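**Student:** The residues making up each chain are set out below.
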Amino acid sequence: MGVLMEVKNLVTRFQTQEGTIYAVNDVSYTLHEGETLGVVGESGSGKSVHALSIMGLIPMPPGKITNGEVWFQGRDLLKLSREEMRLVRGAEIAMIFQDPMTSLNPVLTVGTQITEALKLHLGMNNAQADNRAAELIDMVGIPDARKRLKNYPHQFSGGMRQRIMIAMALSCNPKLLIADEPTTALDVTIQAQIIELVKQLQKELKMAMIWITHDLGVVAGMADTIQVMYGGRIVERGPIKSVFGDPRNAYTLGLLTSLPRLDEGHNRQRLTQIEGSPPDMRVEPVGDSFAPRNPYRTERCWTETPPLRQAEGSVDGHMVAAWYDLRQARKQQQQQMEGKR
Amino acid sequence: MSAAAPKLGNPSAQNQNDVILKVRGLKKHFPINSGIVFQRQVGAVRAVDDVSFDVIRGETLGLVGESGCGKSTTGRTILQLYRPTAGTVEFEGRDLTSVKGEELRALRREMQIIFQDPFASLNPRMTVGSIVSEPLQIHNVKRGKELREYVESLLEKVGLNPFYINRYPHEFSGGQRQRIGIARALALNPKFIVCDEPISALDVSIQAQVVNLLEDLQEELGLTYLFIAHDLSMVRHICDRVAVMYLGKIVELAPTDELYDNPLHPYTQALLSAVPVPDPMVEENRQRILITGDLPSPANPPKGCNFNTRCPVRMDVCFRDPDPELIEVSPGHWVACHRVP
Ligand SMILES: Nc1ncnc2c1ncn2[C@@H]1O[C@H](COP(=O)(O)OP(=O)(O)OP(=O)(O)O)[C@@H](O)[C@H]1O
Ligand SMILES: Nc1ncnc2c1ncn2[C@@H]1O[C@H](COP(=O)(O)OP(=O)(O)OP(=O)(O)O)[C@@H](O)[C@H]1O
Ligand code: SF4
Ligand SMILES: [Mg+2]
Ligand SMILES: [Mg+2]
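So the sequences go chain by chain: A and B.
Position 45, counted from 1, in the first sequence is what the numbering used here calls 863; the numbers after and before it change by one each time, with no gaps.
Position 329, counted from 1, in the second sequence is what the numbering used here calls 391; the numbers after and before it change by one each time, with no gaps.
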């Protein structure tokens, strides 16, 4: 598959009354056509800001992209004018958000909102747009499509609004769909419906997807590649089976082992916990920002930022940012424990 | 009609007869009013609609189900924060619904609640010390130096440095704030705590810390928990028994492993199959039971079985007969469905 997007050295900051917020710190990666990338990490780790930076949706001020390039179809999106970017958004790259009410206009009918986009981006006339809108609403599993187009957003349930958002996002056949926690506010049964729907549509439309979530289970079920963020950086990324099966960054390992699993029996073993709290984004990051919580840290972690590079002995494209060798460190730890026994 | 009251059936409880809380036929209906000058009641939200169960001393009983199914209302009505529309709640043999004033206040000391949102549930203008000591002052339990020392010991117990006693909530992270909420709940030495989604608002890397703390405290202090949650993996880890709610009613109740390994109600089956598992190998081979449609409104529940609008295996009787009763199909395993047994 060809390269669809290349993000290079993206840095985004916010100037607030409390000082500078170091939201995204030197993020680089490549996304391929048709690929599904799952982005995980804790609250405040820069997942949304990184996506909004790509989409040209960072409020400026207080925000500022101080460095970076985003290459998409031969153009650097960060260099486009506001008007040019507006045309890219919706037509080539679409985005759906956690709260559908932030992107649905409460005073316009759902039909009007979808047809506007079709007329703007695809130059359809009224009749064509109406037909296509009904098709889209039907496609996302809302019965009685034609009638429902006349309804306002508040006349739908949360899960239905989320499906309408998806219909709107897909209306112009984008090459890339960025979904920012689109199912977090929904119940698991509705989440499962929506994920099935999106997977199926993705196959039909052959688009790439960036799926932002804090739910590692969701990523495990739908992504090709996982990207773990911490403190505004990518700390690990790679094919999902490789990263889940053989994590090389201590934060990824901590996340995976602290989660109880549905398919494991009830036992009152203590959960493995990650000590401490997430980093304060108001402090300029020095070194590896996970160091204070990392039992495997080395001296170097305090002072130098580890670059993201190919993980030794793992599959191609499994990248990790760490000064320590997690495999080695865990092996030693195990030997010590056995030695004690 | 009153649902069959579950008999005691908790294989993991040491003393099978040691029921701390007995809930029978509990209902909480919220009136829906209309009219501007003359308010009249035009309907009711049946938030909790005839719920019966026991809680055994020292256990953790899980209460799960979709958003709006009545979990929080059940918890609050048990604690008499809402007065029930019907039914009884016996705490250590005394019916809370028939006591008032000083007697109720005294009983309430033994029962506490921990809320979901550690950001909203703490008064931002109070210091940590005054937040934690407020219940002690209301009940006039301790004073002066003794009070201060006691509060410090509580902070220590929940893993906070007593040094922080004069700080304000905004100076703490989410996990630390939840610890403050827990310290406050523990202040009056309660026996029973309703944990209403105590970890939902926390980062994944922090959740394990709080869950471990709750488990340690339970062991140390012999606490009994009603644990309300929608993270079914965490519920499997933490709970001894689990009750599944749907639209104001309990549809299934069983010891944890029995419920997860052998779910009998079609809703429980769909719910469990929708939970993502953080393991790409498992996800690859998983068959989901997808249910369509959204949760009906508790103001207008369907005729017949509450689940008949979404149930993949519904039959004619499910629309004709009244809602199925909760019956014990094997020791300790209760189900409300015409198809079972
Ligand atoms: N408009 C803004 N003004 C100031 N700071 C902001 C703004 N938007 C985001 N930030 C800050 O940037 C950092 C990264 O935020 P971001 O929203 O990307 O986190 P996230 O990883 O998406 O977290 P979550 O899981 O909570 O959505 C945070 O510290 C956040 O407070
Ligand atoms: N004070 C109230 N007045 C009127 N209706 C209420 C009130 N509190 C709750 N309800 C309604 O009762 C029903 C049950 O609400 P409840 O908060 O108990 O659900 P829940 O299971 O805790 O949901 P969630 O998972 O979203 O917290 C909902 O329809 C809700 O809108
Ligand atoms: S009673 Fe009927 S509709 Fe209700 S859960 Fe059972 S089979 Fe489904
Ligand atoms: Mg976000
Ligand atoms: Mg609730």
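FYI, nobody ran anything at the bench for these hints, they're computed from the structure.
Note that the structure is predicted; figures quoted are calculated from it, not measured.
The beta-carbon is built from N, C-alpha and C at its ideal position, and this holds for glycine as well.
Fair warning: there could be bad hints in the mix.
[To be verified] Computed list of lysine-lysine pairs in DSS-like fashion (alpha-carbon distance at most 30 Å, straight line):
no., chain 1, residue 1, chain 2, residue 2
1, A, Lys937, A, Lys1017
2, B, Lys207, B, Lys253
3, A, Lys965, B, Lys365
4, B, Lys365, A, Lys968
5, A, Lys1021, A, Lys937
6, A, Lys1021, A, Lys965
[To be verified] Among chain B residues calculated to face chain A with C-beta under 10 Å, some are:
no., residue
7, Ala332
8, Ile353
9, Thr354
10, Phe381
**Student:** Please go over all the hints and tell whether each is borne out by the structure.
**Tutor:** Comparing the hints with the structure gives:
no. : hint                 : in the structure
1   : Lys937/A x Lys1017/A : holds, 26 Å
2   : Lys207/B x Lys253/B  : holds, 26 Å
3   : Lys965/A x Lys365/B  : holds, 26 Å
4   : Lys365/B x Lys968/A  : holds, 29 Å
5   : Lys1021/A x Lys937/A : holds, 25 Å
6   : Lys1021/A x Lys965/A : holds, 28 Å
7   : Ala332               : holds, 6 Å
8   : Ile353               : holds, 6 Å
9   : Thr354               : holds, 7 Å
10  : Phe381               : violated, 19 Å
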